[in-house]
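Colleague: Sequence:
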Amino acid sequence: MMKRSIKLFLFLALYSLQSCEKKEVTPLHLEISTAKSSYKVNEPVVFQIGGNPDQLTFYSGEEGHKYSYRERTKAVPMAVTVEFASNRRYGTDAQQPRSLRLLVSQRFSGVYQADAIVESEWVDITPAFSLSGIQSSDAVYVPSGQVDLSKLSNLGFTLDPNALVYFAFKYTGSTGSTQPRWWINLFNLNTMTTEGITLPIATLQGAEWRSIGLQGSSVSWLLSSSGLRFQGGGAATSSNLVWAVSKPLDLTSVTPDKGVALKNMSTRINFYAYTFRTPGTYEVTFVGNNVNAYGENLVTKTIPLTITE
1 MMKRSIKLFL FLALYSLQSC EKKEVTPLHL EISTAKSSYK VNEPVVFQIG
51 GNPDQLTFYS GEEGHKYSYR ERTKAVPMAV TVEFASNRRY GTDAQQPRSL
101 RLLVSQRFSG VYQADAIVES EWVDITPAFS LSGIQSSDAV YVPSGQVDLS
151 KLSNLGFTLD PNALVYFAFK YTGSTGSTQP RWWINLFNLN TMTTEGITLP
201 IATLQGAEWR SIGLQGSSVS WLLSSSGLRF QGGGAATSSN LVWAVSKPLD
251 LTSVTPDKGV ALKNMSTRIN FYAYTFRTPG TYEVTFVGNN VNAYGENLVT
301 KTIPLTITE
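According to full-length UniProt numbering, the sequence shown is numbered sequentially starting from 1.
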């Protein structure tokens, strides 16, 4: 009986030890190498991969894909640029003057209602941009040019980079003659950081424009996958004063840099080929990760590469 008890005790102890071992995270080994440290533009760089990570992520070191910026959500802007593209059809300037204007505000209340649109809180920055003339085709969009918001003091706007900013496309059409139709298919708001890096803040869709009709206007701005559009109307159409106002935009907010997931637990990878399109010096980073309910084991491997013309 004593021997049986001892055997049972030893069996349970061994089983408990094995169970504890299974709960540990598998030790992670990762080796990354390349045949050389300098490559030419458009020459494939082959990374040899050794080890056993459950997950493997690749950061090329290019803009938007830097490991050091993977958790960055704020950046100090050195410049803030705006650009858009417009297509106009119908309605002459003589009969329908100033039918489209671009305005900016850092004083708007954020209440998207007609009685909350106080025009004195907005600055008309249209003169800094190019607008479309009357086009014979829906397909012709005129680029506005890229404008730095910090250089518009001559128009009465002084940028506070730490305050939220709103944009508005203001449409004005008068009954009695054909009202213009305006389509916008591009809007980019970008920041250039003090490191000289250009990062996106908002696009046309991301700005989430809301239509606000004033003075009983019945026509609205429409935002779809095709762009931001105002249809205008014929000579008998009632006058329209309609604003398309963006959501509040944070000029210091940036999207964290992203890596490319190369593998998960169910796959194996022995090499990875990547081609750089721009010359420069890059810090390429591979992140290996083993993780389960009992812990995590993470290893990073960095390889400096020079890309020449």
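Keep in mind the hints are simulated off the structure, nothing from the lab.
C-beta: ideal position from N, C-alpha, C; glycine also.
Among the hints, erroneous ones may be present.
[As the list claims (entries may be wrong)] Heads up, simulated PhoX-like pairs for lysine-lysine below, C-alpha to C-alpha not over 20 Å straight-line: (1) K36 / K301; (2) K263 / K74; (3) K301 / K74; (4) K74 / K36; (5) K301 / K247.
[What the hints assert, rightly or not] Have a look at the derived ranges for each label pair, beta carbon to beta carbon: (6) Q113 / G196: 57 to 67 Å; (7) G295 / T267: 16 to 26 Å; (8) P200 / R277: 57 to 67 Å; (9) G145 / A114: 29 to 39 Å; (10) P143 / I303: 22 to 32 Å; (11) E309 / R107: 40 to 50 Å; (12) K151 / G176: 32 to 42 Å; (13) G196 / G176: 30 to 40 Å; (14) G196 / T158: 19 to 29 Å; (15) K151 / K74: 15 to 25 Å.
Colleague: Within 16 to 26 Å or not, the Cβ separation of G295 and T267?
Modeller: Holds, since G295 and T267 (Cβ atoms, about 22 Å apart) stay within the stated range.
Colleague: Is the Cα-Cα distance between K301 and K74 20 Å or less?
Modeller: Violated, at about 26 Å.
Colleague: Is the hinted range of 57 to 67 Å satisfied by the C-beta distance from Q113 to G196?
Modeller: 41 Å, violated
Colleague: Holds or violated: the 29 to 39 Å window for the beta-carbon distance between G145 and A114?
Modeller: The hinted range 29 to 39 Å holds for G145 and A114, with Cβ atoms some 31 Å apart.
Colleague: May I ask you to test the hint 57 to 67 Å on the CB atoms belonging to P200 and R277?
Modeller: Violated, since P200 and R277 (Cβ atoms, about 19 Å apart) do not stay within the stated range.
Colleague: Indicate whether the distance between the beta carbons of G196 and T158 respects the range 19 to 29 Å.
Modeller: Since G196 and T158 have Cβ atoms about 23 Å apart, the given range 19 to 29 Å holds.
Colleague: Do the Cβ positions of E309 and R107 conform to the proposed distance bound of 40 to 50 Å?
Modeller: With a Cβ separation near 49 Å, E309 and R107 satisfy 40 to 50 Å, so the hint holds.
Colleague: Looking only at beta-carbon atoms, does the pair P143, I303 fall within the given range of 22 to 32 Å?
Modeller: Violated, since P143 and I303 (Cβ atoms, about 39 Å apart) do not stay within the stated range.
Colleague: Hinted pair, alpha-carbon criterion (20 Å max): K74, K36. Please report holds or violated.
Modeller: The hint is violated at about 36 Å.
Colleague: Using the C-beta atoms of K151 and K74, is the stated range 15 to 25 Å upheld?
Modeller: 23 Å, holds
Colleague: Note whether the CB distance of K151 and G176 lies within 32 to 42 Å or breaks it.
Modeller: 39 Å, holds
Colleague: Mind checking the alpha carbons of K301 and K247 for me, to see if they're no more than 20 Å apart?
Modeller: Not satisfied, since the Cα-Cα distance of roughly 40 Å exceeds 20 Å.
In summary, the structure is inconsistent with hints 2, 3, 4, 5, 6, 8, 10, 13 from the numbered list given earlier, while agreeing with the others.
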